[in-house]
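Visitor: Residues per chain are reported as follows:
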Amino acid sequence: MPVSASLTGLLWRRPALRVAALISLPAVWFVLFYLAALAAMFISSFHTVDELSGEIQPGWTLDNFRQLLGDWTYGRIALRTIGIAAAVTLTDGLLAWPFAYVMARYAGPRLRPALMALVMLPLWSSYLARVYAWRLILAHDGALNWLLHGLGLPAASIGYSNWAMWIVFTYLWLPFMILPLFASLERIPPSLLEASSDLGAAGWRTFRRVIVPLAMPGLVAGSIFTFSLTLGDYITPLLVGGPGSDFIGNVVYANVGVSNNIPFAAAFAVLPLLVMAGYLLIARKLGAFDAL
Amino acid sequence: MKVSMSCLTRAARMAAAMIVTLALPFGQAASAAEPLSAIGKGEGALNIVAWEGYAQDDWVKPFEAKTGCKVNRKYAGSSDEMVALMRSGGGGQYDLVSASGDATLRLIYGHNVQPINIALIPAWTNFIPALQGPSFNTVKGVHYGVSYEWGPNTLLYNTQKVTPAPTSWSVIYDEANKGKITVPDNPIQIADAALYLSKTTPSLGITDPYELTQPQMDAVVVLLKKQRPLIRKYWALASDEIDLFRNGDATLGAAWPYQTNTLQAAKVPVADTLPTEGVTGWADTWMVSAKSPHPNCAYEWINYVTTPYVQAQQAIYFGETPANTLACAEMDKQQAGSCKQYHADAGASYFDQIHFWKTPLKACGNGQDNCLDYGAWQRAWQEIKG
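Residue numbers (the numbering used here), protein chains in the order written: chain C, 945 to 1236; chain G, 19 to 404.
Read the hints as simulated data drawn from the structure, not as lab findings.
Don't take every hint at face value.
One-sided and incomplete, this derived list gives chain G residues near chain C with beta-carbon spacing under 8 Å [to be verified]:
no.: 1; residue: Ile249
no.: 2; residue: Gln396
no.: 3; residue: Gln400
no.: 4; residue: Lys403
Just so you have them, the derived chain G footprint on chain C, three or more residues with Cβ under 8 Å [claimed, not checked]:
no.: 5; segment: 1015 to 1028
no.: 6; segment: 1073 to 1084
no.: 7; segment: 1098 to 1105
Quick caveat: nothing in here was measured; it's all calculated off a predicted structure.
For each residue, glycine too, the CB sits at the ideal point set by N, CA and C.
Just need the whole structure built from these sequences, with the hints factored in.
Guide: Rendered as structure tokens:
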């Protein structure tokens, strides 16, 4: 009997072995590259750095966390990061809703692929190119002010500010909100809506009591993308942010790439980890993972 | 039983060692190697960390053709970034760095750079005396680098939007210019504010802008925090500042002559000036990594860029002053009047006017030990930026 045939037979007779063979490679990947990296980060957050020679001093000290909590600068940076991530999520949710609704409910077989292509189009070009494009649009002599001037309106001065970050983030992550929302809206059976109206619910009431609850998992799933992607970003604040636009990621980046203080960066990086853990717990409560 | 126990502890120890290795990706710096005794055959490659404008094709291409050393460039926006790059990955990723005086001591005490055999650098004897063995790259008579070029940090302004032409640093702290100002995103920028305060508020007693006590630093932080709402953007790379001036976002800024030259070449109406309060500045040094994989190419590079011809090219391109005195005649040959324009003939008096960047240390110059070290400067800068 050839080896491959005997292997097939063995795997067929023992289903547990089959599952183990399938899962082992991704599991090794996960443990080695993901969990080990997180563990290394967590451990090094208790180390310190010699300030003149830049050498890392191993040990167990809470100095980095004490410095983080003792200086309100870092609290402000954390609140700014979380606040803008929340604002972007909210805006994307509001913008995505009508678009996804039209795509799922009204668009015909020709319009729907066209709308889908529109959503995906920005993802075809580089993230960096799109952020730089916004930098040019929002600059003092940029396209926005050129347009406002043409309309006889006063010039806007939002280049290099938190407003610029909010606009750019909202634009960048919108597709990640539309797609899961569209998927969950599309799955609602039309019969439920008919039943609702047969039972006397007006359009608004059907929307509020039937459509919104059923679309909730998609909305929450989309918000995980928009929230976590904003929370972890540092390039957009660097390129379109102004003075006082640093994110947690910028402080981490500056401490690794500029100050060479990796332990302090690791300590600050623990915070978004905790925020995301909390967010995912709430998302599970809201049923974001029910469809998985 | 005993065997399995020892096996277990060994496994545990190995696991612990693995975690420590993972947690310490940036290991111990190597002890400095002996300097090269003769320049051998080039290794075919050279990895450089440099300021923007320091590795231009104008002199990199001829160097590659002459020596066969292929140059890989990495630009850094601040001295901190240069130090971090030279230490990254254990220190063997780069061969050379164009370190300014506020990075050199950190690299020397961190054992990140190796001693230089000056006998192998023929141009060195023609350097101005102040740059043959300056305290920022020569420790106890050992040379850890070769001086290159030097210059002032200037006040850059848009000549159409800013009238009359400014003569004082006060314009970058002035409410009237809100939203039009840009300054470097760099803790050493604190020294610029300290220099300004040393002239406008003499009661603070600031004598050296790099030696600040806590009360003096507090006053500087107050000034810079008041400046923050006036800032359009803190620039990280010289090209950021160039963009800001080109797109009309900024009309005033702390800059290098390089930005002025680049913007003027692009027909943007800008000029720069050395304000009356005085200026900070830089004196750069080429340093060879302690773990340089291509030391022969590194020496070849130092020798090439210290020749009068390349010294002149670099000086005119960036707008700075060469270390090699023979470069003056060469500068006038390449661009008439440039020797005088960039002070290559000015000598010691002009050199002494500039407060060159240096690493802030706990020890003040006056024997006191109550000054703030660079770590405190970095924390103050983060606090200022918010």
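Visitor: Honestly, which of those hints from before does the structure not fit?
Guide: none
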